[in-house]
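Peer 1: Residues in the sequence shown are numbered from 650 upward in steps of one, following the working numbering.
Read the hints as simulated data drawn from the structure, not as lab findings.
All figures in this text were calculated on a predicted structure; none of them were measured in a lab.
Backbone N, C-alpha and C fix where the C-beta goes; we use that ideal spot for every residue, glycine too.
In silico lysine to aspartate or glutamate, EDC-like type, Cα no more than 20 Å apart, as pairs: (1) 707 - 682; (2) 1302 - 1287; (3) 811 - 790; (4) 817 - 836; (5) 928 - 806; (6) 796 - 898; (7) 707 - 693; (8) 1049 - 978; (9) 817 - 854; (10) 685 - 671.
What follows is a set of in silico ranges between Cβ atoms, one per label pair, in the way DEER data are often shown: (11) 1046 - 1068: 22 to 28 Å; (12) 989 - 1285: 57 to 63 Å; (13) 924 - 680: 56 to 62 Å; (14) 1230 - 977: 32 to 38 Å; (15) 928 - 1051: 39 to 45 Å; (16) 823 - 1051: 28 to 34 Å; (17) 786 - 966: 16 to 22 Å; (18) 738 - 870: 22 to 28 Å.
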Amino acid sequence: MSLAQVYPSTGTAWVLLGSWQDTVSSGGVITAEQLKLWESQHADVVFGSMQDREMNQKMNAMGYMYAHKFDCRPGLQEAWLSQQAYLSGLDLEEAYLHFAEDTKLLLDNPSSGLDFLLAGQAYHLLLIRDGQYSTARLPIELEPTDKIVLIASSPFDGLSLKAEKLPKISRHEINEQGTVSHWQPVDVEWHQQEGGGRGYSGQLDWSGAWHSAQPRYQGRELNSGEPGLAAGLRVWMLELAWQQASRVESLAISPWLEVTESDKQLVLAIPGWDPINDKNSDGYVDRYEYASRANHQASARFRHQSRLIPAGYLWPGTCWYRVNFLDSDINRLHAQWYQQDWQRQGLSGAYNDDMAKLLGSNQFEVVSGGTISELPYAAGSQQAEYEYATQLAVFLQQVKSLTGTRWLASNISELNLWHYAPWPPIMRQVIDVWLREHYLTPAIGLGRLQRYWDNFALASQQDKSLIMASTKGGRSQHSPADLLAWQLDIETGLALYYLFNIPGQTYYHSWNQSYRYGSGQTDAANWAQPGIAKNIAYQPTAMLGVDIGIPEPTPQGTERVVFDDKESRADSAATTIGAIPLQPSGWYWLQRSGWFGDFPEQGVIARRYSNGLVLYRGVRERNDVAFFKAKPLVVSLDGYYQRVSVDGSLGPKVKTITLAGYQGVILKRTPMRQSEGK
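Taking the hints into account, I'd like the entire structure generated from these sequences.
Peer 2: Following this line, the structure appears as structure tokens:
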């Protein structure tokens, strides 16, 4: 889909919209629905979704994807894949990577999402009382005929129970339809936990195969509102029945992961899986097989217990498994998930997050073990990361081939792909759009700008980019209650963006200092006036409406800015840097001082547009707070211009402009009358 852009001189974008609220706009109150409509009319593309199929179809909406992870607690995607794998006769466990040996990883930032596994939380607990289904919320007082159905997303062999009485336990058996045919009583070996009282641990008798089931019994869904179950998740279930009234305080699955402390650092222990320990090949290493196992370095009882969990920086509230891309049948289903999900939501494609966090040391810092069953390399190694990136790229190409999308995107922030050794060239080739998160900041400095040639290299290969200008490190971060500070940061951010703007290929997004996106309202920490919708506050709508035309080549007679690539250099008119193709940027120095070869200590970078001029004054270093208070600098212009303010107004015609430290401005060219040229 290709639409005319909203603003005259650049495309614009939103990132991860949502949480719409009634808000204030132009002095009046608008509803959440009106805000959503306003957003749909004030950007060309969306990284995320409008959460409205029709709105998505009218824009280029790229949904959110994370192809290299599955959630530890299955969501809609995992549930859909679970059902489709069952219908296709596939083993869903092939979708995951596994450790081949017991492994310990440094746990950098423990997340509450890990509690799902560490605490042995059930996927769902269902209370059956008088034929009615509801969620069992513990602690609970049970009546004599009550039953609790424990629903798990993976098979298990142990329970932890705190109750007044011990229950009778049965496990599900399935029929030809894959639903529950009946409940089969199962023996449990109970042991009282340390400290006595009402705490018990129970070991299930695993006689005979225990297959996953769709949670449906006698024509009814064993569900009380859990979306994953409604979406088709295949599960393992126990029915617990008490013959007399009892209080149940807690009920959990015996965990197989362990977090310990070593040298004042947390360590996550994950058991490894070796199929030679499973002598009868039933998918479970029972107590007899365990006692005589051939490989004592692999202690997992079930294969799923050995799944790779990235224990580097974990997002708050998350727990993830790493995906295996080596099974062609599973890859086919995985790609089909995106095809049907994008069609359902009216999406043009999706952007893959955290693509620099794969199998390398930034996610897996191995203390011991680390061998991966599906790869010939250990987690955390450069070889594993490179090979895995190659596999991910091949899978993403499969998604593109199936969906026909030309809007497959990746969030790479400031990462220069030509300098990032863990990524193979194929990764650059498969992605169409790059999300440059927090790429530009007010105090970015000249040194960093002169290393940002990679944006023009991406453009040269006809890729698109969202270039985010954030207020991180700007005046507003130091004076959050000062509205003028915010406005100056946003003006500077747009001026910086216009240095990189390539019509039809780049999109502008303005944001605050955080990584929390959405359509919610500002507060005292992220805007001088709380209660305004963030995108209304941050996007300089009126300023964008001023037509400054399109970028032009470097004017003759000016000093071109030189880009730095370690061993290679190229000026702003060059079409290559080293052997890498470039699209010329048109940058030149309007003023510079403290000259060290091609890299000044201070200076003003300029870029001409057919109807305007953009400038940025900086020093070589970034985030030098003192430079904000530098003596104002007056620079001469090549004609008459009017400064564009954040409210869209134009200043008086001038031939000079005064710039503060770390300040960017946008100027609208004014046709010069004959008398003015004399």
